[in-house]
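Read off the chains here:
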Amino acid sequence: RGALDLPHGSVVAAACSRVGQRVLHVDRRSYYAANWASFTFNALLTWIQEHQAESLSEEVQDRSSLVEEGEELIYLSGSDSASISNLQVFCYISEEAEEEEEPPNTTEEEEAAQEQGEEPEADQPQPSAPPSQSEPTRKKISYTQLEKEGRRFNIDLVSKLMYSRGSLVDLLIKSNVSRYAEFKNVTRILTYRHGSVEQVPCSRADVFASRQLSVVEKRKLMRFLTSCVEETEEHQAYNGRPFLEFLREQQLGDNLQHFLLHSIAMVTEDTLTEVGLTSTRHFLRCLGRYGNTPFLFPVYGLGEIPQCFCRMSAVFGGIYCLRHSVSCLIVDKDSNRCKAVIDSRGQRISCSHFVVEDGFVGADRRVTTPTRLLSRAVLITDASVLPGDSEQQVSLVTVPPTDGRPAVNMVELSPSTMTCIPGTYLVHLTCQSVGSAYEDLSPVVTRMFCTAECQDQENRPAVLWCLYFNMADGSGVEPEGHDLPSNVYVCSGPDGALGHEHAIKQAESIFLKILPEEEFCPPAPNPEDIIYDGENTSPTSTGEEEGLTAAGGEGEEKQQEQQEEETSLQPEE
Amino acid sequence: QHGRVKIKTTAQQEEEKRKEREKKLKIYVAARDACFSKRNEGIWDDEALQLTQQLLSSNPDFATLWNYRREILMHLETVKDKDEVQKIYEAELSFTESCLKVNPKSYGSWHHRGWVSARLPRPDWARELTLCDRCLSLDDRNFHCWDYRRMVVKMSGVPVDQELAFTDRLIGSNFSNYSSWHYRSTLLPLLHPESPDPPPHLLLKPIPIGSLVQNAFFTDPNDQSAWFYYRWLLGRAEREEMISCVYVNRDEERVAVAFSRPVNSVGLFLVLDGQPQRVEWRSVHPRFKQSPVWICNLPPGTISDITNERNLTVHWTEKHTHRDCALYTGRTESWCRDSATDQELFRSELSVEKTSVLQSELQSVKQLQELEPLNKWCLLTIILLMRALDPLGYEQEMLAHFRTLKEVDSMRSAYYSDLCSKFMIENTILKMEYAEVRVFSISDKNLTTLCHLDQLLLVTHINLSSNHLQRLPPQFAMLQCLEVLEADNNAIENLEGVYHLPKLEEVLLKNNSILKLVVYLQTLASCPKLKRLDLRGNPVTQTANVESELAELLPSVTDLLL
Chain A
1 RGALDLPHGS VVAAACSRVG QRVLHVDRRS YYAANWASFT FNALLTWIQE
51 HQAESLSEEV QDRSSLVEEG EELIYLSGSD SASISNLQVF CYISEEAEEE
101 EEPPNTTEEE EAAQEQGEEP EADQPQPSAP PSQSEPTRKK ISYTQLEKEG
151 RRFNIDLVSK LMYSRGSLVD LLIKSNVSRY AEFKNVTRIL TYRHGSVEQV
201 PCSRADVFAS RQLSVVEKRK LMRFLTSCVE ETEEHQAYNG RPFLEFLREQ
251 QLGDNLQHFL LHSIAMVTED TLTEVGLTST RHFLRCLGRY GNTPFLFPVY
301 GLGEIPQCFC RMSAVFGGIY CLRHSVSCLI VDKDSNRCKA VIDSRGQRIS
351 CSHFVVEDGF VGADRRVTTP TRLLSRAVLI TDASVLPGDS EQQVSLVTVP
401 PTDGRPAVNM VELSPSTMTC IPGTYLVHLT CQSVGSAYED LSPVVTRMFC
451 TAECQDQENR PAVLWCLYFN MADGSGVEPE GHDLPSNVYV CSGPDGALGH
501 EHAIKQAESI FLKILPEEEF CPPAPNPEDI IYDGENTSPT STGEEEGLTA
551 AGGEGEEKQQ EQQEEETSLQ PEE
Chain B
574 QHGRVKIKTT AQQEEEKRKE REKKLKIYVA ARDACFSKRN EGIWDDEALQ
624 LTQQLLSSNP DFATLWNYRR EILMHLETVK DKDEVQKIYE AELSFTESCL
674 KVNPKSYGSW HHRGWVSARL PRPDWARELT LCDRCLSLDD RNFHCWDYRR
724 MVVKMSGVPV DQELAFTDRL IGSNFSNYSS WHYRSTLLPL LHPESPDPPP
774 HLLLKPIPIG SLVQNAFFTD PNDQSAWFYY RWLLGRAERE EMISCVYVNR
824 DEERVAVAFS RPVNSVGLFL VLDGQPQRVE WRSVHPRFKQ SPVWICNLPP
874 GTISDITNER NLTVHWTEKH THRDCALYTG RTESWCRDSA TDQELFRSEL
924 SVEKTSVLQS ELQSVKQLQE LEPLNKWCLL TIILLMRALD PLGYEQEMLA
974 HFRTLKEVDS MRSAYYSDLC SKFMIENTIL KMEYAEVRVF SISDKNLTTL
1024 CHLDQLLLVT HINLSSNHLQ RLPPQFAMLQ CLEVLEADNN AIENLEGVYH
1074 LPKLEEVLLK NNSILKLVVY LQTLASCPKL KRLDLRGNPV TQTANVESEL
1124 AELLPSVTDL LL
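Chains as they are written, first to last, in the numbering used here: chain A, 1 to 573; chain B, 574 to 1135.
Do not take every clue at face value.
[As the list claims (entries may be wrong)] Which residues of chain A face chain B? A few of them, derived with a C-beta cut under 10 Å, are:
no.	residue
1	GLN212
2	VAL215
3	VAL216
4	MET222
5	GLU274
6	VAL275
7	THR278
8	PRO422
9	ILE531
[Claimed, not checked] Okay, the calculated bits of chain B under chain A, using three or more residues with CB under 8 Å as the criterion:
no.	region
10	680–687
11	945–956
[Unchecked claim] Below, a list of computed lysine-lysine pairs in the DSS-like style, where the Cα atoms sit at most 25 Å apart:
no.	chain 1	residue 1	chain 2	residue 2
12	B	LYS949	B	LYS939
13	B	LYS892	B	LYS939
14	B	LYS1018	B	LYS862
15	B	LYS727	B	LYS597
16	B	LYS674	A	LYS184
17	B	LYS674	B	LYS653
18	B	LYS939	A	LYS220
19	B	LYS660	B	LYS674
20	A	LYS220	B	LYS727
21	B	LYS1018	B	LYS1083
22	B	LYS592	B	LYS581
23	B	LYS949	B	LYS1018
24	A	LYS174	B	LYS939
25	A	LYS174	B	LYS590
26	B	LYS597	B	LYS660
Keep in mind the hints are simulated off the structure, nothing from the lab.
C-beta atoms are modelled at their ideal positions from N, C-alpha and C, and glycine is treated no differently.
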């Protein structure tokens, strides 16, 4: 009985289905989760093309014929394309392998484009010409190979990690949704300092094994970390003063100060002490639960997470419908509640709650928040920024702010995460935008990697292909307070933080507004405890509240949509 | 089809589980009975193997079944050819592997695996090592696996340096691991086969102490495993077993022999002027079967003539060693001992290392102590290092550190008091040795215990006044030359050790806690020369008839103070 629309909406969908609500989940795209999605290399190329293409002005169809007495219409925006901008693609490898002649002459083709294209016609990736062809290199991997093995990439639009004691992990465990996915430890935390990449010793074992720290530094670091766990009066004395000042007065030395500020607390120099300490504590609490760093990463990429929640929702009766959108809401004038929606095919579907991604809410109805952007870069490289004993390291690299440029979080994924092909690494860079993604991030890329221009720096990993884009920062969007009916809730897009706290908190608060009496994602039963009786079509069980009218016409649709749902839920793996 | 989901109720689930359990139990019991009856009938066939396998996979701790299985396998060995046996045993290995997955700490499974591996015609040790490593990566303290691994390493001759690298790896992933540290300490001596009995301290050269173990205790100074390993690294070789002193007394026709460590008297012979003597060795107190001091009486008249020079030799055949002692004309007593070892006697457990190495270790541990002034392991290690370097020079600092230790680790304050007593006694012995006197005086030093009493064999006068002693333990009887015992102002209740001291004349026990005459003062009667006894300020003086009873008990005492 909630019609809804996307992103971590999938969490809301799962939570609602789980407690017996009828959920219809529609997405105008051919994939789930909007900006939370992850793509194969080929699908990413398609996505790039769509966003680079001129947007067709969508015809707004007049649906007033479907409106009954006492109702009015709110049209939804047909696209959310504004959330992606400044798309630029660079390719530094040859089309074919083993073309070794040709002096390096790079052609950087900047294809900046925004404005979305129309809906994709087909699901399968369209082979697109490489956005740029550049010098042949000694690298063995060719562009053709990237395309050919493109399906083995899982490239996320957002770059986040899961704090092992963060709200997402807790939720996955509590709800048993974790059974739908596998996770890998982030194996090390690195930082960029004095022109080179260093490992940050953060766990006891790291500190013990570290070769950069003197024994006295080891002791000081361990002592500092131990003292952070509990809040003390000494800490409180620094409330309101910068964290950096607090660190300085601990006499830790430059090394440790850098590690603590940029890589453990992951805050900036002017962050307040209480914030820095809270963040340090969170980091420490997450250590050791699954490994020597506080982070997990889902195998096959972050796009798995919304998929898992969709799957959970579907298991409990949620109906899924891709390439299908809601074009307008029907609002009851008296109660100012959304009674029904009208889909892109002109069908009226009753609903009692409606959750929508913020991009679809027309600008006129949104509470104007200053639009902040995230700068993102996605790199395919040929080596790790810090080669270690193992080739299968998953690393978080913190790059502190320099010269007015923001701090950059870099996540380097090895093929063990099933997000890239053997012989490559997938590198995600994220920061708060100051300029365009290219302006913000390319200096970091040039410093740490070998792009086409550099020939002599062979010890740095080479970039094979990269993509820059800006994405709207969802952290400012509130679920309520917009000029919308009271039972319409707005989900934000991804925020720039490393963890998922914002999204999960928002999903839970939306759920509690819809169903204040219900538990948020109670544990799902084991498959063997579920009673299957094939014929049962009428919903009878688990907490379904009687007396709430099912939406008209839903019965018919259900059959049809379920078929679609079956296919769209085919796991990609 | 995703319909609405119905979930079984808890009662339904439990009922199902119960039924399943019942079914399982029935099968299990039937199979067990079948096994037992087959074993009784002495049947060793494939079916029995099947049955035991079925049972053991659900319960790998059923030792009888493992035994039966081995009986069958041993039988099969006799009837099958080598290739078949190899196959059978390989199947056994994969079977135990599956059992270990169920219970990685099953005694039965590990033992069986070891048994099979040892009998396997063509063992694949590399695979076994991999299995152990995987198992230890899941639980680095699985001692069953450690045991099995040791066997595999021994059988397959893995090079020691490779094993050392293995411990490096384990310690790297978790340094709070006694098993790995200990394994290192057994491997390091093996890396030096050229020296026949490598004193562990020599190992310090190839291992820079700093690296591994300092990293460990700087990272976590509260983790004891590294500290213990550190002490081992700096540790001394065991003292050589030897006769440290021979003492002879002409008047009493008595010989006392002290050893470097407690021994029994087997293989001890006395030769006087080339003539083997028939003597009966006894320890100083009937409590001791092992003792560092043994005494015997010579046959009456053998050395009593003061105008004769006598030459004694004590042979200790067990260690193929002996010690001579000459009793010159006109002397009533004589002794012979090594003074060379005296200085090194107590330089604690850390002694043998070079001073420069110890000095730099002390610096680094002191550095840690500045950061962690209240860490007990750190303080204790500083004390030990100081004692190894200069026990007398660091005495005041040592006492200060002990005071801190007792405060920060009050649960063990008694341990620290005893340890401090031991070190103070060592220092006093050293001072006595330097002064070449036979007077041992250690008053007002907060002693709580007495030790090293075997070193005091020749002492004639001991002053233990104003300490916290509660007893004079049986070892006290090793003071065979003692004439005067001063122990005023202690808390002594028990005089067990004042036992058969042939020369003891004075016992001063003012202000102690002696309660009763019968039990606590009786041993004094075994000291024939006791003349003066001061019991003032003891509860016993309050009992009725104490004076007359004492006179009866100790007739030799002429000077009694109550």
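Results for each hint:
no., hint, result
1, GLN212, "12 Å, violated"
2, VAL215, "4 Å, holds"
3, VAL216, "6 Å, holds"
4, MET222, "6 Å, holds"
5, GLU274, "26 Å, violated"
6, VAL275, "28 Å, violated"
7, THR278, "25 Å, violated"
8, PRO422, "23 Å, violated"
9, ILE531, "4 Å, holds"
10, 680–687, "violated (count 0)"
11, 945–956, "violated (count 1)"
12, LYS949(B) x LYS939(B), "12 Å, holds"
13, LYS892(B) x LYS939(B), "42 Å, violated"
14, LYS1018(B) x LYS862(B), "32 Å, violated"
15, LYS727(B) x LYS597(B), "41 Å, violated"
16, LYS674(B) x LYS184(A), "23 Å, holds"
17, LYS674(B) x LYS653(B), "30 Å, violated"
18, LYS939(B) x LYS220(A), "15 Å, holds"
19, LYS660(B) x LYS674(B), "21 Å, holds"
20, LYS220(A) x LYS727(B), "42 Å, violated"
21, LYS1018(B) x LYS1083(B), "17 Å, holds"
22, LYS592(B) x LYS581(B), "15 Å, holds"
23, LYS949(B) x LYS1018(B), "22 Å, holds"
24, LYS174(A) x LYS939(B), "49 Å, violated"
25, LYS174(A) x LYS590(B), "24 Å, holds"
26, LYS597(B) x LYS660(B), "30 Å, violated"
Going through the hint list in order, the structure does not satisfy hints 1, 5, 6, 7, 8, 10, 11, 13, 14, 15, 17, 20, 24 and 26.
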